[in-house]
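Those protein sequence lines, which keep their order, are chains A and B. Be aware that the first sequence starts at 1, since it is given in the working numbering, and climbs by one per residue. Be aware that the second sequence starts at 1, since it is given in the working numbering, and climbs by one per residue.
To be clear, the hints were calculated from the coordinates, so they are not data collected in a lab. Check each hint, because a few of them may be wrong.
The list treats identical chains as one, so a pair stands whether inside a single copy or across any two.
Claimed, not checked - DSSO-like mimics (lysine-lysine), calculated; alpha carbons at most 30 Å apart, straight line: (1) LYS195 - LYS263; (2) LYS161 - LYS263; (3) LYS161 - LYS183; (4) LYS35 - LYS183; (5) LYS77 - LYS7; (6) LYS161 - LYS7; (7) LYS263 - LYS112.
The residues making up each chain are set out below.
Protein chains: 2
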Amino acid sequence: MLDFEIKNPTLILDEAICRKNIKRMSIKAKSLNLKIAPHFKTHQSLKVAEWCKDYGVEEISVSSFRMAFYFRDRGFKNIHIAFPFNPLLIEDLALMQGQPVSIQLVNEEVTKLVAQKVQSQVGFFIEIDAGYGRAGVPIENFELIDRILRAAAENKNLAFKGFYIHAGHTYHTDLEGIEKIHKETQEAFRILKAKYSSQYSNLACRSGDTPSASLMEDFEHIDELGPGNFVFYDLTQAAIGSCNKEDIAVALAAPVVDVKAEKNEILIHCGGVHLSKDVLEGNGVKNFGEVVLFEKDKWIIPPERAFLKSISQEHGLIHAPDSLMEKINTGDIIGILPIHSCMTADCMRSYRTLDNDLVDHLEGTMK
Amino acid sequence: MLDFEIKNPTLILDEAICRKNIKRMSIKAKSLNLKIAPHFKTHQSLKVAEWCKDYGVEEISVSSFRMAFYFRDRGFKNIHIAFPFNPLLIEDLALMQGQPVSIQLVNEEVTKLVAQKVQSQVGFFIEIDAGYGRAGVPIENFELIDRILRAAAENKNLAFKGFYIHAGHTYHTDLEGIEKIHKETQEAFRILKAKYSSQYSNLACRSGDTPSASLMEDFEHIDELGPGNFVFYDLTQAAIGSCNKEDIAVALAAPVVDVKAEKNEILIHCGGVHLSKDVLEGNGVKNFGEVVLFEKDKWIIPPERAFLKSISQEHGLIHAPDSLMEKINTGDIIGILPIHSCMTADCMRSYRTLDNDLVDHLEGTMK
Chain A
1 MLDFEIKNPT LILDEAICRK NIKRMSIKAK SLNLKIAPHF KTHQSLKVAE WCKDYGVEEI
61 SVSSFRMAFY FRDRGFKNIH IAFPFNPLLI EDLALMQGQP VSIQLVNEEV TKLVAQKVQS
121 QVGFFIEIDA GYGRAGVPIE NFELIDRILR AAAENKNLAF KGFYIHAGHT YHTDLEGIEK
181 IHKETQEAFR ILKAKYSSQY SNLACRSGDT PSASLMEDFE HIDELGPGNF VFYDLTQAAI
241 GSCNKEDIAV ALAAPVVDVK AEKNEILIHC GGVHLSKDVL EGNGVKNFGE VVLFEKDKWI
301 IPPERAFLKS ISQEHGLIHA PDSLMEKINT GDIIGILPIH SCMTADCMRS YRTLDNDLVD
361 HLEGTMK
Chain B
1 MLDFEIKNPT LILDEAICRK NIKRMSIKAK SLNLKIAPHF KTHQSLKVAE WCKDYGVEEI
61 SVSSFRMAFY FRDRGFKNIH IAFPFNPLLI EDLALMQGQP VSIQLVNEEV TKLVAQKVQS
121 QVGFFIEIDA GYGRAGVPIE NFELIDRILR AAAENKNLAF KGFYIHAGHT YHTDLEGIEK
181 IHKETQEAFR ILKAKYSSQY SNLACRSGDT PSASLMEDFE HIDELGPGNF VFYDLTQAAI
241 GSCNKEDIAV ALAAPVVDVK AEKNEILIHC GGVHLSKDVL EGNGVKNFGE VVLFEKDKWI
301 IPPERAFLKS ISQEHGLIHA PDSLMEKINT GDIIGILPIH SCMTADCMRS YRTLDNDLVD
361 HLEGTMK
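Next up, chain A with everything else stripped away, as it sits in the complex:
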């Protein structure tokens, strides 16, 4: 058991693992001469942000103005808002005035609006969709890229920084799939550079996904990385090979409220409002999280796997092997490695370290 009292679901953050994750990615980026602008939507925490600074991070990514303001007000500069710019927030953009800030553009209408309104320096990336299918200009649509660039050129405050690709389909594949997608990202950047670098000599190509940043070694045509999840990792990343389970930096501490010996089940206070409803599925079995056991100042992964077979709003039901059933009683605290750590952190809104220090999360700090 941990050294301090836990009575309700609590998100535990292992600072040592988290720092190791940040350091590893930072060293990798440096050795490959890649700039890194990690995505803070994962942790949304000033303390974790400061750990990132310790390893040389000088530019950050966020997904909303809310996050941008949170980190700006706490001393961060060089903030990239890595979400297709919401034209309703044009006045929020004005509030970032005087800051080195950049936004993401994906269409002509919004670019025209921004070009009409912006009165101080704002950088922008054009987001490119190279196959994920979520957001961005389809890679083959040069005509739209040209229109965005022409619209932006109407306002000299708008500085084109380069192209951004988030290949989010790497989260749902395997090593071979990640390699294939990563090559497509590289090829997209190669084409874009061939076409636009004579006109924009400093244009940067930034890749956003954690799996390729974690696993790939060749980053030709890529200049910058913007991954988020790597600071914590999670079971989704472990399943596709981006990390080992030992690299996961957060575990939800949950009270045991019933032990059903006859069914090899343990009922815990830990549901979708704590973990989120993210799930891994294989062979018809759903997995909402996996059990770890807390010791004095760490957690250990038990030799026999135990997992959350179902969750509802506040309940979680663990399917447990005999070896775990023997150890666990009502009133114990059990740890759960999350399927999707970014979502779990957003549900829980604060963390405790293994030393019981409170770690902030934007959502628990601002209203």
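Dock chain B against the given chain A, drawing on the hints supplied.
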């Protein structure tokens, strides 16, 4: 469009629909001579709680002490904490002292602990598992029920109120399935009453799920209802027939950030952190929410269905028919009916009515 400005994802609550849902359930319960103790984990809101009071609600259910304290501190009495009692919270139970409060017990160990510690009147239900498989004493295990009753009898402050069944498997079936499950719940209560009502003449049998409370007409052997979701309903309830889509009382208002004409897709700022990741699946197609269109003081369901085909942390991608594509531009606000309204409300932590009144949610009010 609504009459007031929305710039960021905002949960809109239609007070008229919500009141109609509460009133309908309240009238039904009264006509069937059933006591109702609605589950406030759905809305977690003082304002919605007061609407419930308007229709005669005098006892409430919550799923945590946090919620119990929230409503107690705002004038509510007769609070049932409808979650297997967490023995780590024995001191929190003491803080409810002097209140008419009840808890839920599912095993002997915890009952013994409560019997040792409790120093003022506390009621308790024994939760029974009649087939759902989540929480509670299996209906066939009379021996365990007897042990719980004996352990509780050691402390005269502990008052046995009756049996509680939450048949949550009604959420994943159809009308025929709900009827079958409801009959099993009734049969379980019949057996329990036959066995225990000579000894406990006032014992009450309480059923917790929304689908059977909404759809069934015969409540023989049931004395009390504790449903939660019915105040808002959602697409899950509409899919199984508990309500019509017109009965859904909440819709997420989300900014449109891109319109992809060539793909019939609309990208909105609306992801898992807003809606939760709950999903309806059929024929291999996932549905994370369905589009409604806001008018001045209401929303309308468009004649041709449009739905969220994928969501990530902050992005939502709508698959839209031509009729919707023609109407929607970047910078518009689109409404999304949630798959699971309880989870969406917990993500969003506050509401706006159609008149732009702020409606509280525990998570946005307490830290």
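Hint by hint, here is what the structure shows:
1. LYS195 - LYS263: between (63 Å within a copy, 25 Å between copies)
2. LYS161 - LYS263: Answer is between: at 27 Å across copies they meet the 30 Å cutoff, but 58 Å inside does not.
3. LYS161 - LYS183: Classified as within: same-chain Cα gap 22 Å, cross-chain 65 Å, threshold 30 Å.
4. LYS35 - LYS183: So LYS35 and LYS183 pass the 30 Å test inside one copy only (19 Å; across, 63 Å).
5. LYS77 - LYS7: between (38 Å within a copy, 24 Å between copies)
6. LYS161 - LYS7: Only across copies: LYS161 and LYS7 sit 26 Å apart there, 49 Å inside one copy, limit 30 Å.
7. LYS263 - LYS112: Answer is between: at 22 Å across copies they meet the 30 Å cutoff, but 62 Å inside does not.
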